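2 protein chains.
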Amino acid sequence: MRIIVDGMGGDNAPGAIVEGAVLASERIRDDIYIIGKEDEISAELAKYDFDESRMKVIPASQVIENEEAPVRAVRTKKDSSIVKGINMVKNGEADLFISAGNSGALMAGGLFILGRIPGIDRPAIASTYPILGKGVSMLVDSGANSECKPRNLLEFGIMGSIYMDKVIGIDKPRVGLVNIGAEENKGSTLTKATYDLLDKSDVNFIGNVEGRDIPLGACDVIVCDGFVGNIILKLTEGLALSLSARMKKKFTDGVKAKVGSLILMDKLKGLRKDFDYSEYGGAPILGVKGPVVKMHGSSNANGVMNSIIKAVPYAKEGVVDIIQSQVLEIEEIAESE
Amino acid sequence: MRIIVDGMGGDNAPGAIVEGAVLASERIRDDIYIIGKEDEISAELAKYDFDESRMKVIPASQVIENEEAPVRAVRTKKDSSIVKGINMVKNGEADLFISAGNSGALMAGGLFILGRIPGIDRPAIASTYPILGKGVSMLVDSGANSECKPRNLLEFGIMGSIYMDKVIGIDKPRVGLVNIGAEENKGSTLTKATYDLLDKSDVNFIGNVEGRDIPLGACDVIVCDGFVGNIILKLTEGLALSLSARMKKKFTDGVKAKVGSLILMDKLKGLRKDFDYSEYGGAPILGVKGPVVKMHGSSNANGVMNSIIKAVPYAKEGVVDIIQSQVLEIEEIAESE
Chain A
1 MRIIVDGMGG
11 DNAPGAIVEG
21 AVLASERIRD
31 DIYIIGKEDE
41 ISAELAKYDF
51 DESRMKVIPA
61 SQVIENEEAP
71 VRAVRTKKDS
81 SIVKGINMVK
91 NGEADLFISA
101 GNSGALMAGG
111 LFILGRIPGI
121 DRPAIASTYP
131 ILGKGVSMLV
141 DSGANSECKP
151 RNLLEFGIMG
161 SIYMDKVIGI
171 DKPRVGLVNI
181 GAEENKGSTL
191 TKATYDLLDK
201 SDVNFIGNVE
211 GRDIPLGACD
221 VIVCDGFVGN
231 IILKLTEGLA
241 LSLSARMKKK
251 FTDGVKAKVG
261 SLILMDKLKG
271 LRKDFDYSEY
281 GGAPILGVKG
291 PVVKMHGSSN
301 ANGVMNSIIK
311 AVPYAKEGVV
321 DIIQSQVLEI
331 EEIAESE
Chain B
1001 MRIIVDGMGG
1011 DNAPGAIVEG
1021 AVLASERIRD
1031 DIYIIGKEDE
1041 ISAELAKYDF
1051 DESRMKVIPA
1061 SQVIENEEAP
1071 VRAVRTKKDS
1081 SIVKGINMVK
1091 NGEADLFISA
1101 GNSGALMAGG
1111 LFILGRIPGI
1121 DRPAIASTYP
1131 ILGKGVSMLV
1141 DSGANSECKP
1151 RNLLEFGIMG
1161 SIYMDKVIGI
1171 DKPRVGLVNI
1181 GAEENKGSTL
1191 TKATYDLLDK
1201 SDVNFIGNVE
1211 GRDIPLGACD
1221 VIVCDGFVGN
1231 IILKLTEGLA
1241 LSLSARMKKK
1251 FTDGVKAKVG
1261 SLILMDKLKG
1271 LRKDFDYSEY
1281 GGAPILGVKG
1291 PVVKMHGSSN
1301 ANGVMNSIIK
1311 AVPYAKEGVV
1321 DIIQSQVLEI
1331 EEIAESE
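Residue numbers (the numbering used here), protein chains in the order written: chain A, 1 to 337; chain B, 1001 to 1337.
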């Protein structure tokens, strides 16, 4: 398999990207191509020993910055790492594209270059959501579609279920609908209609999940519109941050506390690791005609390595084709609405 | 001032309610009436010494349970503690009603018995949201209105700002709009239109706040529709729960960890207290013609006491009248949309 890694995306590019790619290359046997400004990437690569038969640089002269308007950037910067990299997946020159760059540009690139899987109305970003001590759930959609129809949420549930099964390896993943009450008839017009659709589908639909249940691991696939998904993802990040700042302050306040913290050091570090999204891999864009994965913008080398390794089954297991094979079911259920 | 406390609402009623009312009565000089089944409440009251001139039982023969459909319950159970209590506020026999009971019934009671403040389209529940180490923000709406128009969110911002100023004592509270991007043009149709309205209002509008910023205390009044608000509130509760379970597991795993935890005991307890909503008082229903406050369903005596004490300024400061005085402004801004 041939994996293209965007050498120019993310807060720590190209250094952490190149280092992460080298680390990944030591652990998997697939080819890794790093795309971006050739001189910058080669200079970073020169710092490491690596298997030159499985790793090379693909030159791309332009960079899409985080602040750029995604659609315009994708349309004008034809020789950017994102546009060129996704084009290589489209043309069969590579099997997977992974980037820590501009999320909107990755989604726009997926939509305009690869195109939607026919029958999928709204591709989505599926983010990993860490369940403390219990692995990970997938949050679909985590921010691409701020306004959704019931059919879109049905698509998110089915695509997320396939990904969770084939890539993360969870058998019959439990699909839950984010709602503001546990009973079937609760919630908004959107969630009530979506409940009926998911209930008719073949996924392992366990019904509504409330905000309180999500961090406890109530379901494996967390289905919601991209507005709610983005709030869930970022609120969790913010809470982890504020809590860790608060603990640091409390646990270093006075000699006694410092001694206690020192004794608990490894446990505290473990707690931090629980919240480290990079442990769990990147966020696939689901519903486009080829595997594109978004890494966290602040990924360090370790996060990049993990994201590359964990993304491999997205291409290898033929997730795009499996989603394609479910489109008829989606159409039938959506028409019954 | 005369405060009516619902003796029958909440997981720990009537015991914790009566005990909390007695504790509150020792700290404030206002009259406290406990409403509900006379024999049960009197039996609880008999356990304590209290000033009989400032505390009495109001008999109400019916109870609205948590599982009951709110509108139907309010319409049929005329002698329930909730319906009778809110009627006493309406008739001027009391100044404030506070309950840990069925939230929907409290909202329905507020709407049908007291009525909306003329010009307020959608009353909302405003919940306290703890900011670790920095006090509290108000989340409006936290669950009453799952689908909203921009005008409703404008109302939430203005009402929340008044409450935060008059009851919590924050001068010029910073009002933030929950959104999935910091820039003005980000988000859904609803948030884009709401941004313009809040920007035209007299509140101290600081713009969009993302999920990540909320727990860090980015604003004093967190404005969103009730669907998003409910998810924010419950997700935060769920995360606090799962984290505290995780810490407990890690910090008691092995002798060394147990020693460290013992040394840090007071700090760990302080951390738990930070997340304890009951410290910060109950959730006012804003936009109805009289002060009604919802306490957390699982409130213990201490939570009940705090909620009663902290609710007093809602009536004393004339918040309902102040909201009423802002209605013309709301109308003008909403019409400019």
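Some hints could be false.
What the hints assert, rightly or not - Distance windows between CB atoms, simulated: (1) B:K1134 with A:K273: 25 to 31 Å; (2) A:S298 with B:E1337: 35 to 41 Å; (3) A:G181 with B:R1075: 46 to 52 Å; (4) B:E1329 with A:A182: 51 to 57 Å; (5) A:S298 with B:T1252: 28 to 34 Å; (6) B:N1066 with A:D202: 33 to 39 Å.
These are calculated hints, taken from the structure and not from any lab test. Owing to the predicted nature of the structure, the values given are computational and were not obtained by experimental measurement. Glycine included, C-beta positions come from ideal geometry on N, C-alpha and C.
Against which earlier hints does the structure fall short, listed by number upward? The structure breaks hints 3 and 4; every other hint is satisfied.
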